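Chemist: Sequence:
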Amino acid sequence: MTSRFGALLRRWRQRAGLSQDDLADRAGLGVRTVRGLETGRRGNPQVRTVRLLADALRLDGAERAELFTAAGHGEPAGPDEGEPVRVVGHGGGHRQASPGPVLAADPLVEATDALASAVYARWLREEEQQQVHDPVPLPVGWRPAPEPLRDSWADIRQAQPGQTVRPLDLTGRLDHIVEVYRRVPSSRLIVLGRAGSGKTILTTRFVLDLLATRTPADPVPVIFGLGSWNPVRTELRDWLADQLVRDHPGLAAPGPGGSTLAAALVDAHRVLPVLDGFDEVAGGLHRAALAALNATTLPLLLTSRVDEYRAAVAATGVLRAAGAVELVDLTPADVADYLPRTTGHASNAWQPVLDHAREHPDGALAAVLTTPLMVALARRIYSDTPGHDPAELVDTERFPDRESVERHLLGGFVPAVYQHRPGVRTYDIDHVRRWLGHLADHLSRLGTHDLAWWQLGTSMRRRTRALAVTLVVFTGVWLGDVVLESVVLGGMTWSVVGLGAVIGALIGVAFGLVHGHLARVQPLEPVRFRLRLRAGAGSKWPRVRVRARMGLLFGALVGCSYGVLMILAKWLVGDIPIGPAMIVVDAGVFAVVFGSGAALAFGLIAAGESPQDIRTAASPAGLLAANRRTVLAQMGLFAPLFAVFFFVITWLIVTALMTLPGGGPFGVVIAWPGLAGVVLGLVGGFGGGFGYLISMTAWGQWVVFARFWLPLTGRVPWAVHAFLDDAYRRGVLRRAGAVYQFRHARLQDHLSEGHRARR
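Numbering of the sequence shown is given in this note's numbering, commencing with residue -11 and proceeding in unit increments.
I should point out that these hints are in silico values taken from the structure, not numbers from a laboratory. Every value quoted in this text rests on a predicted model; they were computed, and no experiment measured them. Just so you know, even glycine gets a beta-carbon here, dropped at the ideal spot from N, CA and C. Don't take every hint at face value.
[Unchecked claim] Restraint ranges, calculated between C-beta atoms of paired labels, are given here:
1. Val632 to Arg747: 46 to 56 Å
2. Gly486 to Pro410: 49 to 59 Å
3. Arg533 to Glu135: 32 to 42 Å
4. Pro410 to Asp295: 24 to 34 Å
The task is simple: from the sequences and hints, build the whole structure.
Modeler: Printed below as a string of C-alpha cells:
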C-alpha cells in the first residue's frame, strides 16, 4: 500500500464528518487499524478490509474503484468465483488459500458471506482491543485431554467396523488451532482449561484463522456464549438461531422454507458453532446440556473448565465423536520471553519477578504467572501504567499465597486502567468501583455474563420497575395534557391542571400494570424491525395476539375509569346531576373506545415490523440507535392513529346512541361537543403513545432505568453509554455482538463480591 491509500481514506472520512473512532465503529474494525492505514504504518490492507471501509464511507462508482486501486486490489465481484473468502496472514503475513468449488446460486450464499464479514471484523477488533498481538500473543498451548473426557478414537475418526485406528496427534499451540481442529474427522473438538488459561484467546484466534482460509462452501465459525442457554427450555438449534438474530438483526429476514435466515443457516450447517463456556450453563443443567449436544450432529468447538465438564461426563457420558484437548500452563520461559517485551526500553523492570519465580518454582508468584489472564493483568498494571513497580510482587509477607497475589492483580486492574492520562476522560476511582461493581452484581443476579443495555433495570424487583414506569408515564402525560389542553382551550386553568393529573394518573397506573404483566409473560427486547406491514407473517401472530389483548384489557380499564371519574368530577363541581345509568353509559362508551383503539394500535405495531438490511450487524451502540429510531417511529404511528380512531369511533358511537328514543340509552341524554372530542383525541393519542414508548419498548426501559432511575440512585453514571464505551476502550469490557461482557468472568466475580461487601 502506498501513502495514497491513507490520504484517500482520511480525505473521504473527513468529508463524511467521521472521526477515526466513528469510521472504525461503522466499518466494524479496530480504531488502531483505521489509524494505522491512514498514517501508513499498516500496509497491504486485505480486500475485505477495504470493502468494509468503502461500505462504511458509502463510496460507489469511481471513488470506490479508486480506493481499491490505491490498496493494490481490484474489487472482486463476489465470493462465489471459487476464491477464498479471505486471505489473511497471522501476525502480518499472508497465505493464499486453495480455491474452493464454485457454488450454484443459493439464497443463503449472500447471507453466509455477510455473516462471515461481520464475524471477522468483530473479532479482529476485539483481538486488537485486548492487545493480544502487542507485542506478541502469549504462547497458549495444549495437550490431549485425559482419556475419560473424550470419545473413543474409532468414533472420533469415524472408522468403519473392524477398522484399525490410531490416536490423533492433537498437541499444538495457538497458531496451530485450526490445523489441529481439521485433523478431527468428526469436526467436533472440546477445549478444556482452568479459569484464565486462555480459552477466550484460543476461540478468537480459531475463528479468525478459520475465516482466513474459508471458501464459499465452508461454514462460518460463530462464537456463542453458553451462559444464556437453558437446554431444558430451548433446543440447541433454536437457541443458536435466536442468538444469531440478536447479534445480527438482518438474519431475522425470511429464509427458505418460511423460517428466518438465521434458522436456515443453522439447519444448512452453514454456521460452525464455537460454544464458549460450557461451565457457565446454569447449575444443574450441565447434564441436560451435554445430552442436547449429543442429540445433534452439528460440527462444533466447545470450551469448558475441566471440573464442570468432568462432572457432566460422569453423569451423562462423553460428547460423542469429539476429540478433547486441555490447555497447559505457561512455562517460566514463556513468561520470561513475554513480560520484558511489554515495557519497551525498561525491559529489566521485570527481572526481580522473573528471578523470584525461577528461584521459587513452587512459590505463590510462580503459580500465579502460569495463566494468561494473570500475566495479562500483571502486564496491564505494571508495564502499561507509569509509576508501578512489579518488584513489589516478590514481597512474600504481603503476598504469602497464590490467592493474595491474584486478589491484588484483580483488585489493581481497574485503578490501573483508570489512572489519569492526558487527553483521556478522568473518573473518580471510587465512583468507577461502585458503578462497575453494580453492573457486575447485576449480571451475577441474572446468572449471565451478557451486559445488555435493555436489561439494565431487570435486576430490580418487578414491583419497583412497575412503580418507576407509573411515575414517569404519569409525569409525562400530565405535563403533556396540560400543554395540549391549554393550547386548544386558549389558556391554563386549575381545572385543566386537575384534569391532566387525573388522566396522567389513569394512564400511568394502566401502563405500569402493562409493564409489570409484560415483563412476566413476554420479556422486552430491542425491536429489530422497521415498521412496514407484511402479508403472510404468520409467525408474528402470537406476538400480535398478546399485544392486542393487552391493549384491549388495559385500554378498557383506563376508559372505564376515565368515564366514571369524569362524571364524578362534573357532579362535584355541580355541573350536572348524576345517576347510575349515566355512569354506566359513560364508562361503557369510553371502555369501548379506549379498549378497541389500544388493541388496534398495539396489534398493528406488532404486525407491522419487517427485517432490517441483511448486512446489519449489531453493536451495543448500533442496536440502541436503531431501536430508538424504530420506537420513535412506532410512537409517530401510534399517537395519531389512536387520536384519529378515538375521535371517529367516539363520534360514531355517540351518533348511534343519540338516535335512540329519548336521545340516549336508559333515558340518558347524550351530548358530545366536537371540541371535547378533539381535545380528548389529542390527549389520548399522546398519552397512549408516550405510555407505550415507556412501558412496552426496550428503548423506553433504557430511558427510564439506565438514563434516569439508576443514575438517580447512584448505581450507574448519568452518561452510562459513554461510560460503557469508555470501559470497553480501556479493556475492562469486551463486546460480544449486541452486548458487553467483562473481559473475564473472574474479573466480574471479583467486582461483584467487592460490591456486595461494601453494601
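Chemist: Hints numbered earlier in the text: which of these fail when held up against the supplied structure?
Modeler: 3 and 4
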